[in-house]
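Novice: So the chains spell out like this:
Number of protein chains: 2
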Amino acid sequence: MRIPILKLHDCLVVSIQWELDDQTALQFQEDLLHKIHATSARGVVIDITSIDFIDSFIAKVLGDVINMSKLMGAQVVVTGIKPAVAITLIELGIRLEDVLTAIDLENGLEKLQQELGE
Amino acid sequence: MRIPILKLHDCLVVSIQWELDDQTALQFQEDLLHKIHATSARGVVIDITSIDFIDSFIAKVLGDVINMSKLMGAQVVVTGIKPAVAITLIELGIRLEDVLTAIDLENGLEKLQQELGE
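Protein chains in written order, with numbering that gives the first Met the number 0: chain U, 0 to 117; chain V, 0 to 117.
Please keep in mind that the hints were generated in silico from the structure rather than gathered at the bench. Take these hints with a grain of salt, some might be off.
Distance ranges between label pairs, derived from CB positions [as the list claims (entries may be wrong)]:
no.: 1; chain 1: V; residue 1: 93; chain 2: U; residue 2: 113; range: 41 to 51 Å
no.: 2; chain 1: V; residue 1: 85; chain 2: U; residue 2: 63; range: 37 to 47 Å
no.: 3; chain 1: U; residue 1: 17; chain 2: V; residue 2: 105; range: 23 to 33 Å
no.: 4; chain 1: U; residue 1: 89; chain 2: V; residue 2: 97; range: 46 to 56 Å
no.: 5; chain 1: U; residue 1: 37; chain 2: V; residue 2: 100; range: 21 to 31 Å
no.: 6; chain 1: U; residue 1: 92; chain 2: V; residue 2: 93; range: 47 to 57 Å
no.: 7; chain 1: V; residue 1: 55; chain 2: U; residue 2: 92; range: 17 to 27 Å
Partial pick of chain V residues on the chain U-facing surface, computed with a CB cut under 8 Å [to be verified]:
no.: 8; residue: 7
no.: 9; residue: 12
no.: 10; residue: 14
no.: 11; residue: 101
no.: 12; residue: 104
Keep in mind it's a predicted model, so treat the numbers as computed, not measured. All C-beta atoms, glycine included, are put in the ideal place defined by N, C-alpha and C.
All chains should be modelled from the sequences, with the hints used to inform the complete structure.
Specialist: Okay, structure coming up:
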């Protein structure tokens, strides 16, 4: 199973709408980096509204993919982090520092456009 | 397996990035109609860029979901129809009449905004 990655102008949009298993998360990491390279995307919005719980492995993959995307030159915005996910991330010591976040997909795209416009 | 449906302002965006089996197509039909109802979406963009071939069942489901969405008050734009898919649709007698189409997702969203703005 792969997570679809949409291209919207110079950004990529990913909406994760089910709980990720380890294999899907790693596949997603690979797919996203390839797509950033293939499309020369300048920004990525990852919407995780539908994720209710997150474990340490998935949290690490998420943190990694954000840092990898940045290395490749794409700004990442994570949207829709639920209370339980925020609690888990902080408790695991994953602060997602320097990562832009927003309440939902629309706000995330707006934030990204602002950031890229500057 | 379910196809993720993204909400973007008053529109829904669906990107079908793998070949649909019959069960997934029917599940998608149901999910999309529920999401239109739940979000009061005024428009839907269905991007089928990644679909290389389409069979008569999937073509019928696609035609049905477009008509059903319209009944519910949502304008549909289908984007990224490949040559082989266009040939199959016409040969099957599925003309997707009155359906807006566009070459890719960006153009589809633009077309939809124009349509809804009028």
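Novice: Indicate, hint by hint, whether the structure satisfies it.
Specialist: Each hint tested on the structure:
The hint said 41 to 51 Å for the Cβ distance between residue 93/V and residue 113/U, and at roughly 43 Å that hint holds. The given range of 37 to 47 Å is respected by residue 85/V and residue 63/U, whose C-beta atoms sit roughly 41 Å from each other. For the pair residue 17/U and residue 105/V, the beta carbons lie near 26 Å from each other, so the given range of 23 to 33 Å is met. The given range of 46 to 56 Å is respected by residue 89/U and residue 97/V, whose C-beta atoms sit roughly 51 Å from each other.
As the Cβ distance of residue 37/U to residue 100/V is approximately 24 Å, the hint placing it in 21 to 31 Å holds. Roughly 54 Å separates the CB atoms of residue 92/U and residue 93/V, a value that falls within the hinted 47 to 57 Å. The hint said 17 to 27 Å for the Cβ distance between residue 55/V and residue 92/U, and at roughly 54 Å that hint is violated. Interface restraint check for residue 7/V: the shortest CB-CB distance to chain U comes to about 6 Å, inside 8 Å, so the restraint holds.
A least Cβ separation of about 7 Å between residue 12/V and chain U falls short of the 8 Å threshold, and the interface hint therefore holds. Checking residue 14/V against chain U: minimum C-beta separation of about 5 Å stays under 8 Å; hint holds. For the restraint placing residue 101/V at the interface with chain U, the shortest Cβ-Cβ distance is roughly 13 Å, beyond the 8 Å limit, so the hint is violated. With 8 Å as the threshold, the beta carbon of residue 104/V comes within range of chain U, its nearest partner Cβ sitting at about 6 Å, so the hint holds.
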